Structures are given as C-alpha cells and as structure tokens.
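> Protein chains in written order, with the working numbering: chain A, 1 to 267; chain B, 1001 to 1260.
Since the hints were derived computationally from the structure, they do not count as laboratory data.
If you're wondering where the values come from, they're calculated on a predicted model, not measured in any experiment.
All C-beta atoms, glycine included, are put in the ideal place defined by N, C-alpha and C.
One side only, chain A facing chain B, incomplete, derived with CB under 10 Å: (1) 86; (2) 90; (3) 102; (4) 104; (5) 105; (6) 107; (7) 109; (8) 154.
Covered stretches of chain B, as calculated for chain A (at least 3 residues, CB under 8 Å): (9) 1150-1160; (10) 1165-1173.
Here are the chains, one letter per residue:
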Amino acid sequence: MTSADVSEAQPALLRCVEVGAWYAAEGAPSPVMQEVSFALRAGEILGVFGPNGCGKSTLLRLLLGLHRGRSGQVLLEPDARVTWIPQRLRESFFTWASLRTNIALTRPAGDAPWRAQLERVEQMREELGLELDLRLRPGRASDGMLQQAAMLRALAPGPQLLLADEPFSSLDVGVARRLRGALRRRVSGGAMGAVLVLHDLESLVTLADRVLVIEQRPFTTALAGSGVHRARLLQNHFHARRDEPSPGSPGTFFEVVERLLAESGHA
Amino acid sequence: MPETRRSLLARYAGIWGALGLVLLWFALARSGLVGRTLLADPLEVLAVLGREFDPQASQRLLPHVLGTLGRALLGFAWGMLLGVSAGLLLGRVEGLRRASAPLVEFARAVPPIMVFPLFLVYFNYADRAYVGTIAFGCAPVVAITLSRARRRLGGVSFELLEVFGASRRARSLAMLMELSPSLLLAARVALSLSLVIAVVTEMVFAPRSGLALGAYAKDAEMAFDTPAFYAAMLWIGGLGFALNALLAALEHSLSGRRAR
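Okay, chain A solo, but in the shape it has when bound:
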C-alpha cells in the first residue's frame, strides 16, 4: 500500500493507521495483523479477500471497535453512520422477534419513529425487489432469507459506511445480482463507502474498486518483516475496464485473483 492511501490530505471516510490486532493465547499473544494502513473514501468499495482464518473478519471487527486486542488508530469521519453485516448472521437476529422487528430494533437513537422505520424497511424491500416475508421469525428463515434481511437492515438507516462479511454467500444468483447492483448504485452516489469481505469472484470483480488480498496470517500492508505476510492492495482494473490490463499491473484483476486462488489452493 502506498503512503498516499493513508495521506491525511485526502478526505477519507475511514482511515486505518498502523493497526495491529492479536488474540490472547497462552504464553505470547497470537498476532493477526501488524501495521495495517489504508483509507476508504466515500463512493468506494474495498473488497477484502483471502483464505479462511487469515483475519478478514477480525479486520472488520477491529474497524467496528469490537476487537479487544488491538493497537494503532482507526479514524472514522465524525458522525458517520456505520452499519454491519456480521459473519455469524443467524446469531445476529433475535429469535423472539420477526425479521421486521429485528430490523426496526436497530433503528438508531433519534432516528425516525418506529412506524416510519417499518415503512421505510418495507419500501426498501420493494425497491430492491426482494420477495421476502418480513413477518417470519429468524428460526423459520433460510440462510438466504436472513442475508436479504441483513442487507435490508444494513441499508435502511442510510449508512455512510457499510462493513459486511460475506453478504452474498447464501443468495441465489438473481437475488445476489440485484443486491450487488443496489449496493453499487448507492455507493456510486458518493455518499457511502463499504468494506466487504468477499469470497466469490463475481462479487469481487463486479463490486470492489480495490481489493485487499490477504494470503496468510499474520499480515501487514507495510514492508513485510520476519514472519509477517504482505497483504496486497490491488486496483480493480477488471471492474474499471473489463479485460484490459493497465500499464504496470501484473495482468487483469481477474488474472491476479485467479492466480492467487490457485496459489492458495482455492481454485
């Protein structure tokens, strides 16, 4: 990552400065990441890509302030409204409430009244063309339905920053495409940015403006020290210009991702 990515001269929605994270373990703490720096601007989607257990979800939790073992700085634009689609999606819903009530419960303090919020959710559901029965209890909903509800829940408050962990993994092709399109349009509007942990190539290629490729844990975006793996930040040329490699890049974005998948045994 270049220093320009964290330059304070550029307006950024989110700025990570030399962030480190670790898990408490017997003896020495187990590091997940060290000196990770990047910035995210409004109107931009950063994809986070890598094998299982490399620290992608930890990175999201760290950005949200939910991970305890951390160092460095996470700077967020003041008053920015943040929403989240967690990895353990089913656990994020209260079983005693319908999907609709679950969504309305997350209504930020001081936001529109409960009834108006419910109407907004219903309106957004129609806007996104989702055939989702919001009266269902989470226990009766499939993983795909929960992902649709989670996307509604995350978009309804009109966030400036969305952090999502594999938000399309259980959706069927049509719904996933519709939601990706809706998300892309909202971000392209310029009022919102997103950090998405993604495993599927289609989402990476069609959504992310840049991709943080993590190959192994612990990782860093600084020059790699001993025992720390360099995470790469790639510009999504494929997203910008579908099949033309940009000068100086190691191939099209698609080729880079394919190669990384092959190297990490994901192909």
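Mind docking chain B on chain A? Use the hints.
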C-alpha cells in the same frame, strides 16, 4: 391396548393420578387401619372446605387463605425486586459479582426461618416481618439466576445494536426478552418458596390479625382437628399448584413466541 385408550390415559395422567390418590385416601380412612388423628376422613375434609359456601358458618378458611396469599405475594414481589436488581448489577459488574459471591452464597445457605425472629423484633411483630423473611428467602435465588443469565447475555446480536447505535429503549427491550426465560424460571422457584416460607413463619408465630393458613393449620393440629388441618393443607397445595401453573402457562406462551 387400543391407541385411543392409551392416548386418553397419557393425556389425563395427572387427573388419573390425583383420582387414584383420593380413592386410596378413602380406602385407608374407611378401613380403620390408620387412626383418625393421623388421617382425616375425606368427606369430613370436604365439609370443612364447604363452609366457604355457607354464609352462616364460622371458622371459614378463605380469610386465612387471603392473609397468607397476601403475605406470600408481597414478599415474593419484594424478593423479585431485590433479586432482579441485584442479579442485573452482579451480572454486569464482574468485580462486584466476585466480591459479593461469598456473601450471596452465604445468604442462600441461611434458612430464612432463622432470620424470622430477628425480623419479628425489628418490625415489632408486624406483617412486615413475614414479608421481609419471604423476601430474604427469595432474593438470593433470583439474584443468582439473573446474574448468570445477564453474564451470558451479549454476542453478535447485542454488538449489532451497539454498532447501529440503537436506542436505549430497543436495547432494554432486547435484554428483557433475552432474559425472560431465566426471569420466569427464577419467578417460579421464588413463588413456590414464598408460599412455603409464609406458611412456615405463620406456624412459628401467628400474625397479629390471626388470619394465616399456617397458624390455622397449627391450631387445628394442636386441637386434633384433623379435617381442618387437612383442609388447610389442601388449600396450601392448591394455591401453590395454581400459582405455578399460571407462571408455567406464561413461560410456555413466551417460549412458544420465541420458538415461532
């Protein structure tokens, strides 16, 4: 055995059991194998219970029932109030929970009846002594159950509310609903306990008003009025059964809502 007969037996097992017990009671009482001072005749007990419907009758049981029920419910309410407050606080503040754990366990181990004489003196033999003893017996049970449940509370759903900046009201509602199974369980235990403590304390020392099932039962026992003693026992058992069934129905309804 045909399926319908078997299912009828299974469905009404509780009623068949109770009916069998009454028949056995009849048989034993009428056989003369057990003395009348030990085992009352069911019809005589029924006559005592029937006094409630006779406006001319003296020594009706209902005023005693209401006296005991009032004390038990008031003590239960105080016990719940103190227990829930303490449980939520202890479940939230880990240091406080650790510091007070020995004290809470100690209080739980002390039989409430032991503090009753102290409360009698402190409250000048007023009804508050009974209410205080019941609350003392219920509060630790509720506090321990609630503090455990509160400690387990959290996880992704609550983190999400925090990230989204959900209102305090939404968070409180979520917490209450998540705690409700433990709260109802604690309430069921505390309610049974409150009735037991109410009757025992009344048997130890009769309240000033004299309206108490425990005192009534003790007087009946001393006067060898076995039917009256049995009638009091049936009232106590019936009250406990009804209160427990009420809370169980509430719990069932809530768990049904949670599961749907």
